[in-house]
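Protein chains in written order, with this note's numbering: chain D, 1 to 357; chain X, 1 to 357; chain W, 1 to 357.
It is worth saying that the hints were derived from the structure and are not from the lab.
Please note: incorrect hints may appear among the correct ones.
In this list, chains with the same sequence are indistinguishable; a pair is considered to hold if it fits within one copy or across any two.
Stated by the list, open to error - The list that follows gives simulated cross-link-like pairs (lysine-lysine, PhoX-like), each with its CA atoms no further than 20 Å apart: (1) K342 with K332; (2) K267 with K229; (3) K270 with K201; (4) K343 with K332; (5) K322 with K332; (6) K332 with K267; (7) K229 with K201; (8) K270 with K18; (9) K6 with K332; (10) K18 with K136; (11) K267 with K6; (12) K6 with K18.
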Amino acid sequence: MTAPGKTLAELARVVDGKVIGDDGIVIDRVSAIEEAGPGSVTFLANSRYYSHLNRCRASAVIVGRNIISDELRSGIPAALLEVADPYVGFAKILQIFSPIERYDGTISAQAAINADAVVAEAVTIFPHVFVGARAKIGARSVLFPGVFIGDDAVIGSDCILHPNVVVRHGCSIGDRVILHAGVVVGSDGFGYAGRSEGRVKIPQVGVVEIHDDVEIGANTTIDRAALGKTIIGRGSKIDNLVQIAHNVVIGEHTVIAAQAGIAGSTKIGKDVILAGQVGVVNHIQIGDGAIIGPQSGVAQTVAAGAMLSSGLAAAPHREWLKVMALLPQLPKLWNLVRALEKKVEGFAQGVEKDNRR
Amino acid sequence: MTAPGKTLAELARVVDGKVIGDDGIVIDRVSAIEEAGPGSVTFLANSRYYSHLNRCRASAVIVGRNIISDELRSGIPAALLEVADPYVGFAKILQIFSPIERYDGTISAQAAINADAVVAEAVTIFPHVFVGARAKIGARSVLFPGVFIGDDAVIGSDCILHPNVVVRHGCSIGDRVILHAGVVVGSDGFGYAGRSEGRVKIPQVGVVEIHDDVEIGANTTIDRAALGKTIIGRGSKIDNLVQIAHNVVIGEHTVIAAQAGIAGSTKIGKDVILAGQVGVVNHIQIGDGAIIGPQSGVAQTVAAGAMLSSGLAAAPHREWLKVMALLPQLPKLWNLVRALEKKVEGFAQGVEKDNRR
Amino acid sequence: MTAPGKTLAELARVVDGKVIGDDGIVIDRVSAIEEAGPGSVTFLANSRYYSHLNRCRASAVIVGRNIISDELRSGIPAALLEVADPYVGFAKILQIFSPIERYDGTISAQAAINADAVVAEAVTIFPHVFVGARAKIGARSVLFPGVFIGDDAVIGSDCILHPNVVVRHGCSIGDRVILHAGVVVGSDGFGYAGRSEGRVKIPQVGVVEIHDDVEIGANTTIDRAALGKTIIGRGSKIDNLVQIAHNVVIGEHTVIAAQAGIAGSTKIGKDVILAGQVGVVNHIQIGDGAIIGPQSGVAQTVAAGAMLSSGLAAAPHREWLKVMALLPQLPKLWNLVRALEKKVEGFAQGVEKDNRR
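Looking at chain D on its own, in the form it has when it is part of the complex (with noise of 0.2 Å):
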């Protein structure tokens, strides 16, 4: 992760922060704060670890705004880059000493490209890359070994398609979007109609669209619409493992973590988080800024900025078999305890008479 170095007033540019201390040091690289020395940046977003500062062997530290005392500033070695949100300084940092991979540009002969696929400028494609019958792949674009692109997919510009990943036929990608490994974008929707023997596949025949600047996780799946389309919305980021069903429209900036699942044609606003292992059934909505916790069952529609659970904390096992066997018998406690309450409110108007007698 070592580039060439840049002086702390050249960071400061790019962050719109505030150099306290040295500000012509130059930095090449980002550690953690454990983990740094001469020429690396840091930062501190929590408070918690101020102590660490006078410790921190980094020659500069990104903290918020107006955050350190002058007292602390006076034990703290390294020079301090005050920003407005010091995680968002360090990610735009790292970006910097991280820069995108470059590819080479180059189409390998070991893939498999349709004669009537269409391939922009500057694109990366790998060996054993598959790119189906008029699909067009976007400028800059890179496809790295095992993708798939279906008949007529389409691939936005400046997009990272990691290893394995498959676009079905006919589904869309926009810009700047990246897939991880073994998604799996435009898989049939699980759709069938009838029972048992006489149950028949409904076909499916949408497509997905997903968005500009969409991220999305490992092996997540995202299936085609029946009828219509699926859609991820722009800029939104989808963990590892999630499955989003068919007909499903995510709106933008959207946060979904690793092992949710949405059901069919569920509709989820925009700005929305979902936790880790979220259930969401079929043909609800989710409000705009809604925030639903980890492992979570969502039944019902949901407003928007709603913030909503359902998950429990571990106890003690055997102590949590006993809450176990009981919580069946809710409804028989509630019962015992409104019968009760009606006996004492017997009791108390019979006092209440023989007092008045």
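Please arrange chains X and W on chain D, whose structure you already have, making use of the hints.
Using the frame of chain D, we list chains X and W on its own:
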């Protein structure tokens, strides 16, 4: 999705339906009700949407028998196609307009096919496919790029193995089976004997047997048996990212939704439905026709026809935190209520005595 | 699974066991007890099945030491092989009859191997494998079709990478590691700074380090660290479809069942067991030897040796609906009971006063 047109009379014959209106209209596609226009047939399975019918621009609408009153009928511009199950009718007509794609029956020179493999007639093998020694591929089956067929594996006729499907050695797949992209069949079961440093791998020397007409979703994993067979019964449908452990046996026409997991040696009957994210422990049985709700944990054998759940519905986060904190105290609450009950019972007897005095 | 036969005496030496009966019998395979016949050895770990023994057609049965009474013994036609742990004995004997497959040590001309990669002796590389620049493959390792090894990645000796495994750049794999089909090692961690439109990707510039004797199940994903390393400790076993996030550190000989997920930077000790579908939040520790039950959510640091659960067992659906509806009212119920308690306490004091009057 445009195909040569069919008259409504022709379509009626396929779905055993009755036309109300002009049965000579030519239909050339199936559309969602909101996107339908002249030439398209749409369907209506849910009475909620009857009110849309008078604005519907489709040439024909598939509906249930004797569902639409004469009064309602008079306001509907489209012809009606009455069938026993409109959803099945829709599926069958969609199949007509979206026929299973024809593949060209050629074997790519960029595939690696063992000289001892047996490939039947009209099989299509795309580039970058691997077929091992003595493997058999049945007539008209299609192996998409990146498919791996291990030594001695058997694939039936008319199967479609989507990109990057893996079928390891010795496993067998019936006829008309669809394996979606990234499915793994025959990975080693998760079996070890002993503990810690002394843990020993139990060789997984069994196989997986997938019967006819099964469909398995993207990136689902089906482990081979330790000894014997893991079996997926005829006509069963399994969604994406499902885990089927070693020696599991699944009956016919069972449906398993996304991200469900079934632990080792469990036997699932026929016509069972497991909803999304269900977990089933090892070494139990789930009887025929049982239905398990989303995110439920199945810890004991389930009787045929039972309908079970243990999923929880997400509630406002702050309130849920209180519920979560109180839940482990449920045994204490019960004890408290029991004690109260006794005390109140004591009063009641005291009061009775008082009254008798 | 038939291999050259061994006498029971020979097998007894391998598993440090004692033969009761004819130790000269020749055994040529291992069978499940219900399928055993002459020539096969089977095993019995569970006393439930003792009654099967007198009908067992196996030539020999592996059992625990001093488990079978002389009386029971007299009715059993098979020889007995007594060992300390019959399950481990079974595993070791199965290994003898199912030796790790020999691969031919050839490198396919249809693989794409960078000229700067270093491939040790006796490595087997199947067609359609990709090996990047400066990558190292240790002696006798096997790369199945579709495997991707990124630049600078290191694979140890005697590893087996099943079809379509992806090991991205810079990651390292120890010796005798087994990665099942579709495993992804080194995908980017799910890391962003900022919100909504202003969200910025944090480059994930760390790596994954997998130590010796690890086995990882099909389609499991292990993300590379943001900075530093994601680590899987020696001898740990991970099942299918598991998610390991960036900067997670897992100790030695830990076992993680299918579909579990571990969020970022969490540290798991050694000899830990996580059951299926467990979710663990980020930035916590799970101590050595802890055991977490199926579907549990781990939201806080767990002490060494603790045994925790929060999974729920499926109950009849209609009754469960009532439980689900009442659960959010648990705080109300507690308040009600507390109020009742006070009231009853008040009576009790009143009654006492009455009695004293």
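* Since the copies are identical, ignore which copy is meant and state whether K6 and K332 lie within 20 Å (CA to CA) inside a copy, between copies, both or neither. => neither (69 Å within a copy, 60 Å between copies)
* To do: Check K270 against K18 for me: Cα-Cα at most 20 Å, and say if that holds within a copy, between copies, both or neither.
  => This pair counts as neither: shortest intra-copy Cα distance 33 Å, inter-copy 45 Å.
* To do: With 20 Å as the alpha-carbon cut-off, assign the pair K332 and K267 to within, between, both or neither.
  => Neither: 37 Å inside a chain and 33 Å across chains, both beyond 20 Å.
* To do: Pop the pair K267 and K229 into one bin, within, between, both or neither, using alpha-carbon distances up to 20 Å.
  => within (12 Å within a copy, 37 Å between copies)
* Given a CA cutoff of 20 Å, do K267 and K6 count as a within-copy pair, a between-copy pair, both, or neither? -> neither (45 Å within a copy, 34 Å between copies)
* How would you label the pair K6, K18 (within, between, both, or neither) given a Cα cut-off of 20 Å? -> Within one copy only: 15 Å inside a chain, 72 Å across chains, cut-off 20 Å.
* Intra- versus inter-copy proximity for K332 and K322 (alpha-carbon distance at most 20 Å) -> both (16 Å within a copy, 10 Å between copies)
* To do: First find the shortest C-alpha distance between K18 and K136 inside one copy, then the shortest across copies, and answer within, between, both or neither for a cut-off of 20 Å.
  => Answer is neither: 45 Å inside a copy and 44 Å across each miss the 20 Å cutoff.
* **Homomeric proximity label, K229 with K201: Cα distance no greater than 20 Å** => within (18 Å within a copy, 27 Å between copies)
* Asked: Should K270 paired with K201 be assigned to within, between, both, or neither, using CA atoms and 20 Å as the limit?
  -> between (32 Å within a copy, 18 Å between copies)
* To do: Please work out whether the CA atoms of K342 and K332 approach to 20 Å or closer within one copy, between two copies, in both situations, or in neither?
  => The answer is both: 15 Å in one copy and 17 Å across copies each meet 20 Å.
* Within, between, both or neither, where K343 and K332 count as close if Cα-Cα is 20 Å or less -> both (16 Å within a copy, 19 Å between copies)
Consistency note: the structure conflicts with the earlier hints numbered 6, 8, 9, 10, 11.
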